[in-house]
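From these two lone chains plus the hints, build me the complex, please.
From first to last, the protein sequence lines are chains A and B.
Under full-length UniProt numbering, the residues of the first sequence are numbered 1 to 294, in order.
Under full-length UniProt numbering, the residues of the second sequence are numbered 1 to 247, in order.
Check each hint, because a few of them may be wrong.
[What the hints assert, rightly or not] Beta-carbon label-pair distances, calculated as ranges: (1) B:43 <-> A:168: 48 to 54 Å; (2) B:21 <-> A:125: 23 to 29 Å; (3) A:69 <-> B:148: 42 to 48 Å; (4) A:288 <-> B:14: 45 to 51 Å; (5) A:168 <-> B:77: 41 to 47 Å; (6) A:165 <-> B:193: 55 to 61 Å; (7) B:21 <-> A:59: 31 to 37 Å; (8) A:271 <-> B:15: 43 to 49 Å; (9) B:225 <-> A:59: 46 to 52 Å; (10) B:15 <-> A:59: 22 to 28 Å; (11) B:111 <-> A:69: 21 to 27 Å; (12) A:210 <-> B:195: 56 to 62 Å; (13) A:286 <-> B:11: 40 to 46 Å.
[Unchecked claim] Which chain B residues stay away from chain A? Per the calculated CB distances, all over 12 Å, these: (14) 55; (15) 178; (16) 205.
It should be emphasised that the hints constitute simulated quantities derived from the structure, not laboratory data.
Ideal Cβ positions, reconstructed from N, Cα and C, are used throughout, including at glycine.
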Amino acid sequence: MTAVRMRGVTKRYGDFTALDAVSLELRENTIHGLLGRNGAGKTTIMQILTGQNFETAGRVEVFGHHPYENSRVLDRVCFIREAQKYPDGYRVRDALNAAALLFPSWDAGFAAELVGDFALRERQQIKKLSRGQLSAVGVIIGLASRAPLTFFDEPYLGLDAVARQLFYDRLLADYAEHPRTVVLSTHLIDEVSDLIEHVVLIDEGRVLIDEDADVLRGRAVTVTGPTAAVEAFAEGHTELYREELGGFLRVTLAGARPEPRLRSEGLEFEPVSLQQLVVRTTQHTLDDRKVASR
Amino acid sequence: MTTATASDVLATTPARRRRHLASARIHLVNLPLSLGMPWLILGSAFVVNLIIFGMIPMDPGDARTTGGIMSIYIFALIAHILSVTQTFPFALGLSVTRRDFFAGLSLVIAAEAGLQGLVLTVLRAIESATNGWGIDMTFFGVPVLVQENWFLQWVLYTVPFLALSYLAVLAGTVYKRFGQAGMWLAIIGVVLVGGAAAVLLTWSQSWGAVGRFLVETPPLALVAGYPAILAVLFAGLGRLLLRRATP
Chain A
1 MTAVRMRGVT KRYGDFTALD AVSLELRENT IHGLLGRNGA GKTTIMQILT GQNFETAGRV
61 EVFGHHPYEN SRVLDRVCFI REAQKYPDGY RVRDALNAAA LLFPSWDAGF AAELVGDFAL
121 RERQQIKKLS RGQLSAVGVI IGLASRAPLT FFDEPYLGLD AVARQLFYDR LLADYAEHPR
181 TVVLSTHLID EVSDLIEHVV LIDEGRVLID EDADVLRGRA VTVTGPTAAV EAFAEGHTEL
241 YREELGGFLR VTLAGARPEP RLRSEGLEFE PVSLQQLVVR TTQHTLDDRK VASR
Chain B
1 MTTATASDVL ATTPARRRRH LASARIHLVN LPLSLGMPWL ILGSAFVVNL IIFGMIPMDP
61 GDARTTGGIM SIYIFALIAH ILSVTQTFPF ALGLSVTRRD FFAGLSLVIA AEAGLQGLVL
121 TVLRAIESAT NGWGIDMTFF GVPVLVQENW FLQWVLYTVP FLALSYLAVL AGTVYKRFGQ
181 AGMWLAIIGV VLVGGAAAVL LTWSQSWGAV GRFLVETPPL ALVAGYPAIL AVLFAGLGRL
241 LLRRATP
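Chain B extracted, bound-state conformation (with noise of 0.2 Å):
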């Protein structure tokens, strides 16, 4: 290429600025939607067991756990599902590139695992100061994974949201990436591949190692640890499919 039919448009024309902000805040274009659906969700579940266990009399002997935290956790589940199968056509659609939508989604993902991590870390602080909530009810607290340490509460709540949230952004990939069958493909890979680990436990006898494990794993490595190591995985893997996804 001669240099008189060089284009100097790239030269003369201003380029995009703060590019992974700019990419990370098409996720949050509707703030009471993303951010506050999954609250208005868990806050319904809440008041329900709150109305609920308010009514039933006390008993001393009868633990009162509920499992609404997890409504929260699928929620973000769904929703990085949605961060690629539709925002990363739009942002692609809007000259973003695949590496600064990765960027910017992964600025999204921290920020929401660790913001609701710690409000969620407040709220359980909230439940055991109120001796649940004046009637004894755990909600927000799950009970082996209760830390006395509140950072290690914190990071309990907020590994897995980002174990979550990237498995969902790979899954999104692999749908954006081989379509509706490569899709059916990986679920059934993923049966397959665990039937098979059940059926080599059963018959290896070692049900029992695997109930050890489960017991004997401190629950800051079983839910913090682990996932943390899956959340890196997930998210390595979710960004080397999307360098060939298209729209």
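Chain A extracted, bound-state conformation (with noise of 0.2 Å):
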């Protein structure tokens, strides 16, 4: 079932166009990643998912309606972004005491522990927090709320390496329990990428990628060897990204399959990462479109 689908959503500020007739479909009860570079178009896509933005033209449904000023959606929607405001003279607990009166599946008891585990005490002010500890507010918030659809927008910022772990194992932890729709936009691939099950790659407003994680791992390789071998095997693939050293050549082709039976030409075949993949293509559409431009 769809949680999320958009159709041809194009987002214009004057004649600056942040989203360019972006179309992709969230699955429901999935963790999805929302990934892309700084100003992509990652925040846009999230905040006229949750009404508090408005696109220029095409069509927006959440759960199947509209999302602005729709209170019917927006009860089951919880949107934790980086750079969430707090009222000053907000303490922790009147953060989350405001969660929990407005989350209809908010659970006291897990936003305790959170609280906890994140070393944060309830009666500090939210204006005096460090940039992590605003961060874990924003954590706990999102996770104790259990919206049936949940954003992270960079949920993580000064959050060190051991909190945002504890991050990763509770929100899968809790996923199991409570399955729901994630959505988590992250630049921080590599950490994410046992987490997340769907990939969406937004480059300057457009959607590069939407595609499931296995299957994304399987779609490239990268292949090392002397360099006659290797542009024999790349032949025919999409060539994501070349370096060459002395006589040897590494290339990371998309489409191709490991061959093991090459290793006797000195071929070496290596899994290709996600963070890897998501760098390579996007640097691959920015060359492409230099060259287009030319």
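This is the structure in structure tokens:
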């Protein structure tokens, strides 16, 4: 079943096009990774899906309805922004109490547990929190809300490696017990590659990849070996990246499969990590555009 | 859309309960601050006035009137600018619709105005019963606006609260909707319109008429009637602009 559907969604600010005919579908009860560079349009997509911002053109559906001013939809949605603002004078407990009032599936016990995990104190003034602690407040609200559709927009800013792992572990454990649709926007792709089941890669307002993570992982391979042998193997495949050193060549190929029998010719095959694939695909598109505009 | 892919989340998961009350409560999570602070300020102004006038010997010809009561109205003005610039982004971040945010804020404003008006009315009653706190001091009564009827006195205290609060909501909304540039433009616009009106009045030699209007209009209309109209106007305009405001 589909939680989110966007069809040809375009967002313009004056003559700047933030989203360019974005079409995507997000399956229910899945953890989605929304990946892309800074300014790619990830936050704009999430703002439109939560009725905070307005599309210029296109069709937007969340649980089958447009989210703008739609409390039936928004009651089931939680959007944790990296830049979430809290009113002056709010303490940690005030933010949690507000969230408890507003999210019908809120789990107060879970929230209290998370406050301990992230070493926060309920009486702390939010204004005086460090960047990492501020992120932790958002993470706690996002997890404990148990909203059927939860967006995390770069929720980890300032969190140390231990706290980030804690977030991933808690998310996965709670997701297993309470399946829901999670959209995780992040730059730390390697860290979440085991977590996300579906990948949407956005670049310059366009969807570059919209694919299940398992399919993606098998879709590219890196080959290293003597230049001639690698060139022969690479022929007919889309080259995402090329490095040459001495007589050796190393290329990342989309759509290629490793062929172990070629080891005798000196070819080495390595799987491509999700992060590499995303980086290479984005660079590849960038190069294509440069060529096209020349 | 085919029914096979239609999501049943809306049918199978709970909805928010008492949504207006819930979004009103966001404004009140820190009650000591939001309700206590204005009275603390007003209270300290009162005590200071009490001490000063208590030390000065009484002079029957000299009216002991203070403007201290204004502070609580100014507090409402500032508080509700912040309600929009700070609490609105927070509320939308927690999936509150603009409609529910406005409804919740209106509940808060109405309750605050009504309650603070009531407390002021009671204090005014004590003031007149004790002959101005025993030292002939008028702190809670505003001379021309004193009503014999306690209900009308309450209306007199309450309506300006409403008007100022919604003026603040409107100002905050203009800021959220059009940014800092829009805010300055609005302020410049108001100054220009005010200036133009003053020029027009001077040119047509109508200041006398304005003075007569202020003197001849019953205080109740001046301080409650017209502000009530303004409150409705500010509220309606604020609600309209909020529809397309982003957090």
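Going through the hints against the structure:
1. B:43 <-> A:168: 48 to 54 Å: With Cβ atoms ~51 Å apart, the hint holds.
2. B:21 <-> A:125: 23 to 29 Å: 26 Å Cβ-Cβ, so the 23 to 29 Å window holds.
3. A:69 <-> B:148: 42 to 48 Å: At roughly 47 Å between Cβ atoms, residue 148 (chain B) and residue 69 (chain A) fall inside 42 to 48 Å, so the hint holds.
4. A:288 <-> B:14: 45 to 51 Å: holds, 48 Å
5. A:168 <-> B:77: 41 to 47 Å: holds, 46 Å
6. A:165 <-> B:193: 55 to 61 Å: holds, 59 Å
7. B:21 <-> A:59: 31 to 37 Å: The hint (31 to 37 Å, Cβ to Cβ) holds, given that residue 21 (chain B) and residue 59 (chain A) are roughly 34 Å apart.
8. A:271 <-> B:15: 43 to 49 Å: holds, 45 Å
9. B:225 <-> A:59: 46 to 52 Å: holds, 49 Å
10. B:15 <-> A:59: 22 to 28 Å: About 24 Å separates the Cβ atoms of residue 15 (chain B) and residue 59 (chain A), which means 22 to 28 Å holds.
11. B:111 <-> A:69: 21 to 27 Å: This hint holds: roughly 24 Å between Cβ atoms.
12. A:210 <-> B:195: 56 to 62 Å: holds, 58 Å
13. A:286 <-> B:11: 40 to 46 Å: holds, 44 Å
14. 55: About 36 Å separates residue 55 (chain B) from the closest Cβ of chain A, which puts it past 12 Å; holds.
15. 178: holds, 14 Å
16. 205: Per Cβ check, residue 205 (chain B) is outside 12 Å of chain A; nearest 48 Å; holds.
No hint from the list above goes unmet by this structure.
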